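Chains as they are written, first to last, in the working numbering: chain A, 1 to 262; chain B, 1 to 266; chain C, 1 to 107.
Hints in this document: simulated from the structure, not taken from any laboratory.
For clarity, every value in this text was computed on a predicted model and none was experimentally measured.
Check before you lean on any hint, since a few could be wrong.
No farther apart than 20 Å at their CA atoms in a straight line, the calculated lysine to aspartate or glutamate pairs in the EDC-like style are these [stated by the list, open to error]: (1) B:Lys-165 <-> C:Asp-21; (2) B:Lys-86 <-> C:Asp-19; (3) B:Lys-190 <-> C:Asp-34; (4) C:Lys-30 <-> C:Asp-53; (5) B:Lys-165 <-> B:Glu-139; (6) C:Lys-30 <-> C:Glu-81; (7) B:Lys-190 <-> C:Asp-93; (8) B:Lys-165 <-> B:Asp-72; (9) B:Lys-165 <-> C:Glu-81; (10) B:Lys-165 <-> C:Asp-53; (11) B:Lys-86 <-> C:Asp-53; (12) B:Lys-211 <-> B:Asp-186; (13) B:Lys-211 <-> B:Glu-183; (14) B:Lys-86 <-> C:Glu-81; (15) B:Lys-190 <-> B:Glu-207; (16) B:Lys-86 <-> A:Asp-134; (17) C:Lys-94 <-> B:Glu-131; (18) B:Lys-190 <-> C:Glu-88; (19) C:Lys-30 <-> B:Glu-123; (20) B:Lys-190 <-> C:Asp-53; (21) C:Lys-69 <-> C:Asp-19; (22) B:Lys-165 <-> C:Glu-88; (23) B:Lys-223 <-> B:Asp-243; (24) C:Lys-70 <-> C:Asp-34; (25) C:Lys-4 <-> C:Glu-27; (26) B:Lys-165 <-> C:Asp-19; (27) C:Lys-69 <-> B:Glu-123.
Each chain is listed here by its residues.
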Amino acid sequence: MRQIAHSIGRAATGLVEEFGYYLALTVESLYWLCWGAVRGQPVRLAATVAQMRETGVAAAPIVFMLSFAIGVMLAIQGIHTLRQFGAETQVVLGIALSVTREFGPLITGILVAGRSGSALAARIGSMQVNQEIDALCVMGISPVRYLAAPAVLALLVMVPALTLFADLTALFGGAVFCSLELGMSHVAYWDEAISFITVDDIMQGLVKSVLFGLIVALVGISNGFSVSGGAEGVGRATTRAVVLSICYLVLADMLFTYFLNR
Amino acid sequence: MNAVASEPAIEVEHLVAGYGGRRILDDVSMQVHTGEIMIIMGGSGSGKSTLLRHLLGLNRPISGVIRLLGKDTGRLSADERLALQKNIGVSFQGGALLSSLTVGENVALPLREHTRLAAATIEVMARVKLEVVNLGGFEHMMPSQLSGGMIKRAALARALAMDPKLLFFDEPSAGLDPVVSSELDDLILKLRDALGMTIVVVTHELESAFKIADRITVLDHGKVLISGAVDDVRNADSERIQDLLHRRSRPVHLSADDYMRRLTGE
Amino acid sequence: MTYKVTTESGFSIVHLTGDIDLSCSPEARKAILDRLAASQHTLVDLSGVTYIDSSGIASLVEGYQTARKKNLQFGLIAVSEPALSVLELARLDKVFPIHASVADRAK
Numbered sequence: 001m002r003q004i005a006h007s008i009g010r011a012a013t014g015l016v017e018e019f020g021y022y023l024a025l026t027v028e029s030l031y032w033l034c035w036g037a038v039r040g041q042p043v044r045l046a047a048t049v050a051q052m053r054e055t056g057v058a059a060a061p062i063v064f065m066l067s068f069a070i071g072v073m074l075a076i077q078g079i080h081t082l083r084q085f086g087a088e089t090q091v092v093l094g095i096a097l098s099v100t101r102e103f104g105p106l107i108t109g110i111l112v113a114g115r116s117g118s119a120l121a122a123r124i125g126s127m128q129v130n131q132e133i134d135a136l137c138v139m140g141i142s143p144v145r146y147l148a149a150p151a152v153l154a155l156l157v158m159v160p161a162l163t164l165f166a167d168l169t170a171l172f173g174g175a176v177f178c179s180l181e182l183g184m185s186h187v188a189y190w191d192e193a194i195s196f197i198t199v200d201d202i203m204q205g206l207v208k209s210v211l212f213g214l215i216v217a218l219v220g221i222s223n224g225f226s227v228s229g230g231a232e233g234v235g236r237a238t239t240r241a242v243v244l245s246i247c248y249l250v251l252a253d254m255l256f257t258y259f260l261n262r
Numbered sequence: 001m002n003a004v005a006s007e008p009a010i011e012v013e014h015l016v017a018g019y020g021g022r023r024i025l026d027d028v029s030m031q032v033h034t035g036e037i038m039i040i041m042g043g044s045g046s047g048k049s050t051l052l053r054h055l056l057g058l059n060r061p062i063s064g065v066i067r068l069l070g071k072d073t074g075r076l077s078a079d080e081r082l083a084l085q086k087n088i089g090v091s092f093q094g095g096a097l098l099s100s101l102t103v104g105e106n107v108a109l110p111l112r113e114h115t116r117l118a119a120a121t122i123e124v125m126a127r128v129k130l131e132v133v134n135l136g137g138f139e140h141m142m143p144s145q146l147s148g149g150m151i152k153r154a155a156l157a158r159a160l161a162m163d164p165k166l167l168f169f170d171e172p173s174a175g176l177d178p179v180v181s182s183e184l185d186d187l188i189l190k191l192r193d194a195l196g197m198t199i200v201v202v203t204h205e206l207e208s209a210f211k212i213a214d215r216i217t218v219l220d221h222g223k224v225l226i227s228g229a230v231d232d233v234r235n236a237d238s239e240r241i242q243d244l245l246h247r248r249s250r251p252v253h254l255s256a257d258d259y260m261r262r263l264t265g266e
Numbered sequence: 001m002t003y004k005v006t007t008e009s010g011f012s013i014v015h016l017t018g019d020i021d022l023s024c025s026p027e028a029r030k031a032i033l034d035r036l037a038a039s040q041h042t043l044v045d046l047s048g049v050t051y052i053d054s055s056g057i058a059s060l061v062e063g064y065q066t067a068r069k070k071n072l073q074f075g076l077i078a079v080s081e082p083a084l085s086v087l088e089l090a091r092l093d094k095v096f097p098i099h100a101s102v103a104d105r106a107k
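Construct all of the structure, not just a fragment, from the sequences and the given hints.
This is the structure:
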């Protein structure tokens, strides 16, 4: 009994510690992004741009494929369900709202966690193992400024951008299926979709995607920095980063959705 | 050439250090004078790497004081720490070159980050450093394309980038063939003589230690066995020091009961 | 570090004195490059140099490079002991024309 209490206690302190670390990392990254230039130690623009290309532009094709498929899938399921009420044409409402409010940000978030969260953890982790992080520290180059801040900024910008892209392609997927199945014209579909979607819906998705970007960045970076134990440690940290960030992402999504829709 | 004793470049007073409840350094005190080459020696597990990490400010001591170039490293503001770090160069055991940058960019990195020199000047400086360590013409290579000895020399070039007053060198000869490691020793001596640097080398290689040292500190089980001039260390009458110097293995003192208990795991 | 510029036997002479390090080498660099930009044959007098770091050395290298591009003469004179040992470390003592004095150079 005492042992159970003990391990629960340890897990709880571990969790608090981890979230404390995330908070500290956020604050320090923001500090360098805002004040680095004033202190004569700016966050490197080139690294940020490279990171944006890597996490954002390079992810666009796969985001396109997945969200197109999600759009088609929503259309299939929607039409199947609504047919029972003879209301197939209402499917556009379902697609439009679920994509912008939920699937766009979530699919993008999970994808970025798998692509960029793991890459961040692996890159920073192997730098930790090779003492490259130590080398940066003794050279007076803050690893947070040099490595973390560009990644945080890149993800904060690129995840919402990718989310908008995902929204559009998922809607497009729905349009393609609806035109084939229901003979609905693209123009009619888009007209209807646009009339249903409010600025609020899109904003809800975007706000969530900003949060998702932050989660992926923080979990990836902090798992990278805390690597110990050689190549095996890097592998463990990479896996952990992906699994944890997807878990946090889904949990955050649920909480956020709940509070936004009260 | 023996260094003139002047204001110490490094002072360690009663340093106690460890991780997670385990004590690795116990009441370590030592001094390194300006312009001398100090060798920190000890077997594996002696705490020499831990001492180096503390000297570099990578770990915080449990208690004790470390003063580098007269500055108490425990009480520095961020700006003071940065100013101190610009005067310190470190060459890590595995080189620790940033793998995403070329050799030249690695050497130029501290200059790009910390100075406002013209880009052309920085480039020439980086090339000069690479020439000093005999790596001229290799600036466009990636670290992964270099051999072990070249990586060590490139790491030394980066450590020298800011023309530091204090140079730390972790295991310069580990994993190198004797010729290359002897060349590195010569280079360390040249650097001290030409630039008047204070150099701290952590090593377990006796031969190179005696070749380049002005003074030697011997660590064992987290304590300083001796810290003195080369001859004092060579002639020390402590049995443990002589064991270390002559590579004698430690006699194992163990009672039969203890041994049985360990084997059976009871 | 301080510097002054004099003229002697057709050369502009930049006299550098004191410690030349990161904080002041841009000044030395500018002094040297300005002379060359004015198409003057230039010598750098290092007799008063107590310490020179690689940024100072790099400035001299840039000066020499510029001079060669513009077909001007460039050299070091009266190199002090500390400066010479740094030049030797970088094997630049074989590269720069080094002379004991201006008169020596002018010969």
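We went through each hint and held it up to the structure:
1. B:Lys-165 <-> C:Asp-21: holds (12 Å)
2. B:Lys-86 <-> C:Asp-19: This hinted pair holds, its Cα atoms lying about 17 Å apart.
3. B:Lys-190 <-> C:Asp-34: Violated: B:Lys-190 and C:Asp-34 sit about 34 Å apart, past 20 Å.
4. C:Lys-30 <-> C:Asp-53: At roughly 16 Å apart (the allowed maximum being 20 Å), C:Asp-53 and C:Lys-30 satisfy the hint.
5. B:Lys-165 <-> B:Glu-139: violated (24 Å)
6. C:Lys-30 <-> C:Glu-81: The hint is violated at about 24 Å.
7. B:Lys-190 <-> C:Asp-93: It holds: about 15 Å lies between the C-alpha atoms, which stays within 20 Å.
8. B:Lys-165 <-> B:Asp-72: holds (16 Å)
9. B:Lys-165 <-> C:Glu-81: Cα-Cα ~19 Å, so holds.
10. B:Lys-165 <-> C:Asp-53: holds (11 Å)
11. B:Lys-86 <-> C:Asp-53: With Cα atoms ~14 Å apart, B:Lys-86 and C:Asp-53 stay inside 20 Å; holds.
12. B:Lys-211 <-> B:Asp-186: At roughly 9 Å apart (the allowed maximum being 20 Å), B:Asp-186 and B:Lys-211 satisfy the hint.
13. B:Lys-211 <-> B:Glu-183: Holds. B:Lys-211 to B:Glu-183 sits at ~12 Å (cutoff 20 Å).
14. B:Lys-86 <-> C:Glu-81: Given that 20 Å is the threshold and the Cα spacing comes to 26 Å, the pair is violated.
15. B:Lys-190 <-> B:Glu-207: Measuring from Cα to Cα gives roughly 18 Å; hence the hint holds.
16. B:Lys-86 <-> A:Asp-134: holds (15 Å)
17. C:Lys-94 <-> B:Glu-131: holds (13 Å)
18. B:Lys-190 <-> C:Glu-88: Cα-Cα ~10 Å, so holds.
19. C:Lys-30 <-> B:Glu-123: holds (17 Å)
20. B:Lys-190 <-> C:Asp-53: holds (15 Å)
21. C:Lys-69 <-> C:Asp-19: violated (29 Å)
22. B:Lys-165 <-> C:Glu-88: holds (19 Å)
23. B:Lys-223 <-> B:Asp-243: holds (16 Å)
24. C:Lys-70 <-> C:Asp-34: holds (13 Å)
25. C:Lys-4 <-> C:Glu-27: Since the Cα atoms of C:Lys-4 and C:Glu-27 sit roughly 11 Å apart, the hinted pair holds (cutoff 20 Å).
26. B:Lys-165 <-> C:Asp-19: The hint holds at about 14 Å.
27. C:Lys-69 <-> B:Glu-123: Distance ~18 Å between C:Lys-69 and B:Glu-123 Cα, so the pair holds.
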